[in-house]
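One line per chain: the protein sequences are X and Z, in this order.
Going left to right, the first sequence walks through residues 1 to 176 as my numbering numbers them.
Going left to right, the second sequence walks through residues 1 to 183 as my numbering numbers them.
Honestly, I wouldn't trust all of these hints.
Stated by the list, open to error - Partial chain X-side listing against chain Z, Cβ under 7 Å, derived:
(1) A102
(2) G113
(3) P117
(4) D126
(5) L138
(6) L155
Everything labelled a hint here was simulated from the structure, so no lab data went into it.
Glycine included, each C-beta is placed from N, C-alpha and C at the ideal position.
These are the residues of each chain, in order.
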Amino acid sequence: MNSHKISLLLFLLFYHINLTANSDFPEPPTGIIKLAPYQAADMQIKDIDAIPFKLSETKGHWVFVHFWASWCGPCRKEMPAIQKMWNKLEKEGLKMALINTAEDEDTIFNFLGIYAPDIRALMDADGLVTEEWKPRGLPATYLVDPDGKVRYQALGGREWHKPTYLNFLRRLLKIK
Amino acid sequence: MSYLVKFIPIIFLLNFSFTELVYAKKDSKPVYKSKQLQVSLSPRKPEQMAAFYEGRGFSKEMINLLKQQCFITVGIHNKSNDIIWHDLSNWTFQTAGKTINDYERSHWKQLWKKMKIPMAHQSTFRWTLLPPELDFRPNEHEGGNIIFPYTETEILLTAEFRTKSDKTGKPIKITINNIFCAK
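Here chain Z stands alone, though its shape is the one from the complex (with noise of 0.2 Å):
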């Protein structure tokens, strides 16, 4: 069981890069696709996640606290051979017409200090998350989290991203649809 759970997360790694890429198909996966950039969301159901955090030692209540949300991981690939800027402040979600906002670090940073989470494990929540900005270098992939308050309606995402070194270029808007949190 402990050596599965600790495959899980490069499942999902590896995920991002299997992933076929088909933009805005119904039944497809959610992933956004050009010459330039790639942009995959893979909903993931509580069970994996909670399997993630139990093989690093995470506290129950702080497992039974994330497996009533709606875990999403990102991956980002810059296929330009330009600086690409990713900025989670111009990322949009919304879900039967309104906004939802994702919980941002600071959320779970007072959580976990009021409820008195050891510092290894904060850190290593936190390295799990998508980075909320960062300057994709040409052929750069990072990727991470992204985390909502549990819906059963599809989620739109809509994002812009900067590009050039000095954010003059033309920004890449792109539109992701038929994302749902993973039961």
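Pulled out of the complex, with its shape left as it was, chain X reads as follows (with noise of 0.2 Å):
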């Protein structure tokens, strides 16, 4: 087999490779915008239990990246379906990390106690972990792949307890 050969079967490899790994990607529903893939800004960050989170730890699972604050309408109105979501994908793998936005203990715990008590509230507790995020504004979701990469962020509130969603969802989930 002579060297054009060889680049041209090589190239055809990647080329699928490539290909199938575009292809997995699902385009998202309405609200979700697919991005040009990029690596998640990690984060170490504690919860409203001083226990520490780091997102490079989730690794081979997709997170759920969530910025909130309580002052927020929208985030006060999407909690709920967040936290009916995670009613049924946490079991079938999907990881969470819900980042209040540099509010204090009192404020997240009233607030999640009410909308999304089953949740981990994990704090940024000086908002710098949210600017490094560059969220477009409050609330803000990402959905970061299995290798750490940011590949879906959503725009604004969404209906994430809806079939739509969900499923889609459900297809990132077979994604690893």
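Each of the two chains sits in its own frame; use the hints to bring them together as a complex.
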């Protein structure tokens, strides 16, 4: 086999792998943008019980990264939908980073106690993690793939508990 | 009281969607509406803003300073099927024939640093501001405050938004009058 044939073979192999990789990531439903993938900024923050959380430790799983604040009306509206989605998809392998932006423990505790009591609350106490992720606004959701790459971003609040979004997330969970 | 304080920002945000949209009519709310774009402006009373920031635990020093300003909450909704580019540098505010400048983020950053305001409060304050730039996606709706030195006279806004993903579409030029700082 001459070098031209080897080059062609390698090209086709690479092209096939690349094509497969791209087609693996489905087109999102309304209100979610498919991004040119980029490495998610790692974060080391604590939850409301002062237990550390590191995003890089969730590698190998899809992660639902969500920024919110209690003063943001759309966040309040969206949070019950996130809780309902989480009730279904936690056991299917989804990981969650629910990050409050710069509020105190009491505020977070009171808010999540009502709207999302079963989700671990992470605290971006000084707001710097949120700044680093540069959301378009609050609320903001990113979907991070098992390799730690940001693949999708939601625009504003979404009805995550509705079949359209649940089915989309389930399709993602099949991509390892 | 604290319950009320917590709901004030929600009322702000709901106002965006419930505002009746009439463009440039005297005594109407300052709103621009077309098939592609909606821009609404809602002046906020100093007490409203103070209640919001008090509810977040901001210091009296910070609140007293903010109460002296003119707060206008802006809502922008891209109703088109393509990207609409928001760039605050393409917005001009005039009052009594003279251009007035809103306070830029850098102004507040320096001021808060000088006043040794906690990072958390600085962060919350930043998130209540209108983003300086944003590529509004189809049906995206974002908003935030712009802040001026207080003025009693009417403010006129002219702004331009580029369109299409490569910014080559026909720009949208808007004019909104009848803007007054709330007392």
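Cross-check of the supplied hints:
Contact between A102 of chain X and chain Z, as hinted, is supported at the beta carbon level, the nearest pair being about 4 Å apart and thus within 7 Å. For the restraint placing G113 of chain X at the interface with chain Z, the shortest Cβ-Cβ distance is roughly 14 Å, beyond the 7 Å limit, so the hint is violated. Annotation: interface hint on P117 of chain X violated; nearest CB of chain Z at approximately 18 Å, more than 7 Å. Of the supplied interface hints, the one on D126 of chain X holds, with its beta-carbon coming within about 4 Å of a beta-carbon of chain Z, less than 7 Å.
For L138 of chain X, the interface hint holds, the least distance from its beta-carbon to any beta-carbon of chain Z being 6 Å, beneath 7 Å. For L155 of chain X, the suggested interface contact is upheld, since its CB lies about 5 Å from the closest CB of chain Z, less than 7 Å.
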